[in-house]
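Trainee: From first to last, the protein sequence lines are chains V and W. Last residue of the first sequence: 880 (our numbering), numbering continuous. Last residue of the second sequence: 313 (our numbering), numbering continuous.
Be aware that one or more of the hints could be misleading.
To be verified - Calculated pairs, DSS-like style, for lysine-lysine (alpha carbon to alpha carbon, straight line, at most 25 angstroms):
1) W:61 to V:584
2) W:41 to W:61
3) W:41 to V:584
4) V:555 to V:544
No lab work stands behind these hints, which were simulated from the structure alone.
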Amino acid sequence: MTAPGPPAPLAGEPLVDAGLAAEHGLTPDEYGGLCELLGRVPTYTELGIASALYSEHCSYKSSKIHLRRFPTRSRRVVHGPGENAGVVDIGHGWVAAFKMESHNHPSFIEPYQGAATGVGGILRDVFTMGARPIACLDSLRFGDIDGARGARMRHLVDGVVRGIGDYGNCVGIPTVGGETGFHSSYNGNILVNAFALGVCRRERVFTAVASGAGNPILYAGSRTGRDGIHGATMASEAFDSESEAKRPTVQVGDPFTEKVLLEASLDAMRSGVVLGVQDMGAAGLTSSCFEMAARGGAGVDIDLDLVPLREASLTPYEIMLSESQERMVFVTQKGQEQAVVSILSRWGLQASTIGRVTDDGRARLTFGGRKVADMPVEPLVDGAPVYDRPAAPPGDLVRRQEDVAPEAPDDPLGALKRLLGTPELGDKAWIYQQYDSTVRSNTIVGPGADAAVLRLKGTPSGLALTSDTNPSYCWLDPRTGGRQAVAEAVRNLATAGAEPVGMTNCLNFGSPENPEIAWQLRECISGMADACRAFDVPVISGNVSLYNETEGEAVRPTPTVAMVGVIDGLMDLGDAAEIHRLLGCGFWRPGDRVLLLGNEGDEFGGSAYQRLLYGVEAGRPPAVDLRAEAALCALLRRARRTGWLSGAHDLAEGGLLVALAECVIAWGLGMRGHTGASPLSLFSEAQGRALVTLAPARVDDFFATAEEFGVPASDLGEVGGDRLVLGYDGGVVDGAIDDLRAVWAQALPRAVG
Amino acid sequence: MKCGIVVFPGSNCDHDVYHVLKRVLEQEAIFLWHQDTSLRECDLVVLPGGFSYGDYLRAGSMAAHSPIMAAVRRHAEAGGRVLGICNGFQMLLEAGLLPGAMRRNRNLRFLSVDVHLRVERNDLVYSCGYRRGEVLRMPIAHAEGNYVDTDAALDELERAGQVVFRYVDADGSVAPAANLNGSKRSIAGVCNARGNVLGLMPHPERCAEDVLGNGDGLALLAGAVRGPLLGRGGDEWRALVEGERPAPARRFDATPDRGGRAGRLAAAVAGSKS
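Isolated chain V (complex conformation):
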């Protein structure tokens, strides 16, 4: 069906040579390899395709060698990394498909559309697996938002939050949690990481595979336009003063089309005539066709004249590289095209056949009756270059890790209020109240808790979701920071009684061509992988975002971890009507005892206390004892299952006093207690600690169990009253909840103006 012979250049196309290849981000070696692979000089379209597939975003060329360290298998894993989303078995015949992805570069250039299309892309990754999305999380990092210098950043915060909200709210997927941090290293490069999770029956899982020679390839959804051309390449470059000019490479989203595409795709997949599905995300039609063909060990013939266009003047190069949103590719059984077309048209969507699957492993593209590309699929997709970039610790690491002795607070209550009044530790309601968190009626614990908890309709189970990372810890010691991020995620799930079943991540770093960044990446991944093995948590999907830097200034290493846990037997945790309070992190039942679990110790490297109150970011981050963390988590899960706990909250940024403040603010119920800690230790970020509350009658049993698990436990005091009262070595913290809540609640609204 295609003309014989090699493809020829089209009239008006630029001449392809090493210079043009360099402009496309290909190194001389990469370009040389491409010419060798083809046995000739590539056409302009072929060069565009290769540059997209070889981009860091699509090929993981700088990170692949490190990513291999992650454990990716367990008895629950159905699909590990390599599919659109990873899939794990969550019991009772159900599976969960989930993934996290970054949309950092587009969001910095155009925050509203950048963030919105980030949500759109991750939702498509989930529903192309046949799973109906039921929850989103968002992990956001912004720069300084204070004062006149923060004006642009406040604009970014506003745009990103509106973009995420408008997209997710319209599609009807609740945003149930996430995290937001602020640090000057993000001034020139914000981070927007979006996570989505979907569920389906195990036998309904789909994969993105093109198979069966002669089977038709259908294009569905929005028409192809000029938006987003070279988005994947743009996302693989650092920012400079020219970046503003890249605004046209940001895609424009349409959540309504996404919603009908979601429903139509799930209907089509249920109909039994669809063999494979792939969305068109980064690198658009290029990556969807090549990746689907590669997975099936097949080839494709595509007639670009059949691709629905917004304007007739698009060139083959533009058609292949457009990142117009809300587009999908289906492979169906031969002769079943019409069935898919009818399902889509019921939802007001168009679908048309644009090509066929072949069995010779080549991608052949024609346009205007002429061949414009003829390339081998597998070597381009799986044979993309892999680099082991030179890595070396930063020259100033020793100085960075020198301890700066923290100053003891004269007034711990005052220090607490100042911490609660920072955007970093203050209430995030200003953000999450712009996201629908209750649609789909599964949300038991929504945003603002350690872990979000959803019930899973039709099963006795609940799902717990969390996302965590501490960029300061990672900057001071990336290996420890990587371990900490995973350990904190496991701990957050354990406070809800959930067993972790899988993890995804977004690795946000600067340029891997800088040996210090390559070292950060390698060390962070090593630390995360160690912790994953220790907790037996497989990494089932993920995303790497490199080149997050502007004018040579890299972001703090930010390996965002999103983890999913299963609570098997939600109703065993307590009375139905109390479960949402039991699983939240606040004090709610007067008379309960408050216990502190875990080893005490003074840890101030990278702590919120030093960073936010004294501007010091130095020392070694808190040590992470994986064995002690595992014991704590096992104890928390056991105590949850036995129905003993009325609440649990992990100790994180800000330490004990901040955690207690969060607990009393939640339901407006206070506590009175005592600790032997020094005033400074109240703010220590020693890891592996948590607060639990339980009825006095359960305390003896709990202490016995804690001892059995080898977890230190101490009784801090009793829930009650309208104040936070905590005696310490040398004084008493005594604050009215209303005062604490006031500074905490106003922190973010005041900062964003």
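Position chain W relative to chain V; hints supplied.
Mentor: Leaving out everything else, chain W in the frame of chain V:
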């Protein structure tokens, strides 16, 4: 009672309403398609929340011109029960089945938060499970819920007793701070003169099960399927809700535990099918 939930392109609370009607209240429930012209003999028609047609012109305005709306209008005019929630309420306004209109929220942002509502009358099927003046907690999730009409029209609405729910503070008092979207006279839900058509912005279907931490919305949907028409008052419903009834076996696909208030009501409604 046969319940029909209309699915428009962009509806996203259709499954949630279906879940409560079918699984929690154990009613016959079906989805109706926006291009259908028949209600297939449904007694209760629910226009669910979401972003029908993307809400691209005005919220609910395109949906109000869907083929099915002619049948919904006939049903309403014949005294049949029509419940519009959130985007469904906006459609009822756009279709002229309820008076008033919606503007963007006062702060021009989407609002997803729990609010308090006061029950202004309990002689409707929808509200007969509540006491008059009772304060309920329900989630709202909308960008255009700022109810507006002319002062004269609002006076008439009040006089005719068509304001069914009002945004209030936790103590039941009308206050600007409790009226987050800025609705005129804190109006959260209105009915037609006959009382068979109700529209409200808050989402009762999202707070109809104890396990979700809030069962306040169930009595509204239970009333919609089982409530007596005008004038009976809430007493017999209160008895059902608060009376001691044996809890049925635990069912995981519905209300997991019927020990709570919503659980008892669900058991009562499911167990008293006519």
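Trainee: State for each hint whether it applies.
Mentor: Each hint tested on the structure:
{"no.": "1", "hint": "W:61 to V:584", "verdict": "holds, 13 angstroms"}
{"no.": "2", "hint": "W:41 to W:61", "verdict": "holds, 10 angstroms"}
{"no.": "3", "hint": "W:41 to V:584", "verdict": "holds, 23 angstroms"}
{"no.": "4", "hint": "V:555 to V:544", "verdict": "holds, 16 angstroms"}
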